[in-house]
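Colleague: On the provided structure of chain A, position chain B as indicated by the hints.
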Amino acid sequence: MPGRSTRRSGRAWVPYAYLAPALLVYGVFLLFPIGRAAQFSLFEWDGLGASTFVGLDNYVTVFQDGRLLEAFGHAFVLIFFFSVLPLAIGLLVAGVLNRAQVKGLGFFRTVLFLPQVIAMVVVAVAWRQIYAPDGVLNGTLRALGLGHLARPWLGDYAFTLPAVGLVGTWVATGLVIVLMLAGMTKIPREHYEAARLDGAGAFREFLAVTLPAVRGEITVALTLTIIAALKTFDLVYVTTRGGPGTSTTVPSYEIYRRAFETGDVGLATAVGVVLTAVVLVITAVVNRIGDRS
Amino acid sequence: MNRRNRTLLSGIGAGTLVVALAACAPGTGGGSASDTDSGEISTDISGVEDMTLTVWDQEVRGGQNEQMEQLNAAFEEKYPNITIERNSQSFEDLGTTLRLALTDNDAPDVVQANNGRNSMGAFVEAGQLRPLDDYAAEYGWTDRYSDNVLQYSTYGEEGAVFGEGELYGLPQVGEVVGVFYSKSKLADLGLEVPETWSDFTSALEAASADGPALQLGNIDQWPAGHVFGPIQGQHVDPADITALGLGNAGASWTSAENEDAAAELQEWVDAGYFNDGVNGTDYDAAWQAFGSGDGTFLMGGSWLAADLEDAMGDDVGFFAPSRDDGTIATTGGTGLPFTITSAAENSDVAAAYIDFITSDDAMDVLAETGNLPVNRTAELAPSDGVLADVYTVFGEVTESGELLPYLDYATPTFGDTLGQALQDLIDGRVDPAAFTEQLETDYAGFTSGDE
Numbered sequence: 001m002p003g004r005s006t007r008r009s010g011r012a013w014v015p016y017a018y019l020a021p022a023l024l025v026y027g028v029f030l031l032f033p034i035g036r037a038a039q040f041s042l043f044e045w046d047g048l049g050a051s052t053f054v055g056l057d058n059y060v061t062v063f064q065d066g067r068l069l070e071a072f073g074h075a076f077v078l079i080f081f082f083s084v085l086p087l088a089i090g091l092l093v094a095g096v097l098n099r100a101q102v103k104g105l106g107f108f109r110t111v112l113f114l115p116q117v118i119a120m121v122v123v124a125v126a127w128r129q130i131y132a133p134d135g136v137l138n139g140t141l142r143a144l145g146l147g148h149l150a151r152p153w154l155g156d157y158a159f160t161l162p163a164v165g166l167v168g169t170w171v172a173t174g175l176v177i178v179l180m181l182a183g184m185t186k187i188p189r190e191h192y193e194a195a196r197l198d199g200a201g202a203f204r205e206f207l208a209v210t211l212p213a214v215r216g217e218i219t220v221a222l223t224l225t226i227i228a229a230l231k232t233f234d235l236v237y238v239t240t241r242g243g244p245g246t247s248t249t250v251p252s253y254e255i256y257r258r259a260f261e262t263g264d265v266g267l268a269t270a271v272g273v274v275l276t277a278v279v280l281v282i283t284a285v286v287n288r289i290g291d292r293s
Numbered sequence: 294m295n296r297r298n299r300t301l302l303s304g305i306g307a308g309t310l311v312v313a314l315a316a317c318a319p320g321t322g323g324g325s326a327s328d329t330d331s332g333e334i335s336t337d338i339s340g341v342e343d344m345t346l347t348v349w350d351q352e353v354r355g356g357q358n359e360q361m362e363q364l365n366a367a368f369e370e371k372y373p374n375i376t377i378e379r380n381s382q383s384f385e386d387l388g389t390t391l392r393l394a395l396t397d398n399d400a401p402d403v404v405q406a407n408n409g410r411n412s413m414g415a416f417v418e419a420g421q422l423r424p425l426d427d428y429a430a431e432y433g434w435t436d437r438y439s440d441n442v443l444q445y446s447t448y449g450e451e452g453a454v455f456g457e458g459e460l461y462g463l464p465q466v467g468e469v470v471g472v473f474y475s476k477s478k479l480a481d482l483g484l485e486v487p488e489t490w491s492d493f494t495s496a497l498e499a500a501s502a503d504g505p506a507l508q509l510g511n512i513d514q515w516p517a518g519h520v521f522g523p524i525q526g527q528h529v530d531p532a533d534i535t536a537l538g539l540g541n542a543g544a545s546w547t548s549a550e551n552e553d554a555a556a557e558l559q560e561w562v563d564a565g566y567f568n569d570g571v572n573g574t575d576y577d578a579a580w581q582a583f584g585s586g587d588g589t590f591l592m593g594g595s596w597l598a599a600d601l602e603d604a605m606g607d608d609v610g611f612f613a614p615s616r617d618d619g620t621i622a623t624t625g626g627t628g629l630p631f632t633i634t635s636a637a638e639n640s641d642v643a644a645a646y647i648d649f650i651t652s653d654d655a656m657d658v659l660a661e662t663g664n665l666p667v668n669r670t671a672e673l674a675p676s677d678g679v680l681a682d683v684y685t686v687f688g689e690v691t692e693s694g695e696l697l698p699y700l701d702y703a704t705p706t707f708g709d710t711l712g713q714a715l716q717d718l719i720d721g722r723v724d725p726a727a728f729t730e731q732l733e734t735d736y737a738g739f740t741s742g743d744e
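Chains as they are written, first to last, in the working numbering: chain A, 1 to 293; chain B, 294 to 744.
Looking at chain A on its own, in the form it has when it is part of the complex (with noise of 0.2 angstroms):
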């Protein structure tokens, strides 16, 4: 088929002339302000007025800064809320719902989705509310008579943090649901009739025929959700802005807080340089594991 290549090699720019206006919009407002700020994470610079080249000074400092390597734990310990605990949680309510062949699914399925639909401004303030002091938590639990666990939940050094990754644990957990249900219809019902009759229990069935099965669902269900939990802003922002004292600054806030109030935009960029490999690196370890099947 001597013909057919030619044609095709002399054809060959066709495909990049239709890529051609997306790339110039993703180069434009993305690859360009990447390259941008790395360019400033190599200067120290106020924002305002001249800058010095600095060379790598910025990142000696990321990786020194006592406030920001705190603020990256905290980030690690979110990823336990935001992926973890939703991972564990929808495989077993969509292992359930899936066993069960519950009536009205699609309806459990659009309100377990329903976190994922609303802004995470409006979720932080809904959240805080919750949280108050005097507010439905603390009421419930007085209610309950367990007046004795009422704190004030973003107010308190220890228990702040998982109180703000619960938010993203309530999150997270739907579109993990939603995306384990539809991993798990695909498995033909055989492989169930024959795990049974081997024999196998219910949770042996899971082992062995529903996890391996949603193996790809895993892995997209981890990459979402661990990025949403390292580039947490607004759920910080609105419901502690950091506090009490440091106990929940995250990265993003930090990038936030030195770029546009304290006027050290130098910085602030090599922060988000590193946010974005640290990110790049975690999935890329994630899919590479996800991957070898």
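These are computed hints drawn from the structure, not numbers from a lab. The structure displayed is predicted, hence computed values, not measured ones. Errors might be hidden in some of the hints.
[Stated by the list, open to error] Computed footprint of chain A on chain B, listed as stretches where at least three residues anywhere in the stretch have a Cβ under 8 angstroms from a Cβ of chain A: (1) 346-358; (2) 432-440.
[Stated by the list, open to error] Incomplete in silico selection of chain B near chain A, CB under 10 angstroms: (3) Glu-370; (4) Asn-398; (5) Glu-418; (6) Ala-480; (7) Val-562; (8) Gly-565; (9) Asp-575; (10) Ala-578; (11) Asp-709.
[As the list claims (entries may be wrong)] Reference excerpt, derived from the structure (chain A facing chain B, CB under 8 angstroms, subset only): (12) Phe-40; (13) Asp-46; (14) Pro-152; (15) Thr-240; (16) Thr-246.
Beta carbons are placed, not taken as given, at the ideal position from N, Cα and C, and that holds for glycine.
Modeller: This is chain B only, laid out in the frame that chain A set:
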């Protein structure tokens, strides 16, 4: 295809990077100097050719917006050749966008810039605001304003010194932090309105007998500063507080007096004067709780007066306890000063505008629209209501007392440092000595870098 696609993509990526790196270093573009300023200034702008004056302000709420609209309309009527293009945003929005706006080629002419070092100070340092001393002399602004007030818009040595040097802006309204109280609750306790600090602390103790007397919502970290400020005013020399608050060298946080002030705040917490869970309570929730009858006192700024009057009617009053020498020293300041950018198209027009909206007549408008005018305060005071108290306190503080600066003016990061340290102190995680050390680190680091 796949492979080639990737090559192309990475090629574009690398290309973009090269272009970006080859582009100018940050901060060397933008920012145009004024081209019409010849050094000669004039206070008569009626002959100026038709032009548009761009003003960025943050007067977005009810009475604030109303006074701005009235004054702008009056200005345009007086000078038909000038059209005002107003851009109004909330305080937070203005604070974050101003940096970008000022470096733009098409910067606004007049902007409201927050006094502190991370806003006005940074703009002065970058040469983006025009010093106003020449206009101040022509228009007599130093007679119009008390020095107590003007120091908060004054920077010297290109932003290195705050509080003396050249004047950069004029505020319209005043702010003062004091104590709101419920008249009926105080009467139930059989107490008079406290006059001195010891009257106030004993009233706090008495009022806390059956529940917390003081409402405070400190989830946002800064509100506790408005409790600490007045306490500090009782313990520490005003000159030291001013140096600490303005971030000028020569004072120290780690003094016995500052520790005493921190210790007093912590004692209040331990004694149960505050509502439970201060660090987890919303600022708005706290004053609303006070408005609906929780607690006897609320320490806060004059800006809460109108809302509290709506909620409590005649029951709410306002005072600031005096020091031993009978004068009042409390945190306060001014609304955001109006400044002229160095990119302003015609600084004569901009100065005339600022003069107009801060004139004695403008103060009438401000008072009528429920604001606290920064000048002629005592004379314009309403006859009754909590606003009458607020006007009286502000008048006394600016004329015979000490208007102490907001402590977060001190360094670009001091707002966060102070907010976190206060949350730590209230939570009991740090003792007063450690608290003052946290603050000293930020203050001393900044002032030593200054020299």
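Colleague: Could you tell me which of the numbered hints above are not met by this structure, giving the numbers in increasing order?
Modeller: 1, 2, 3, 4, 6, 7 and 8
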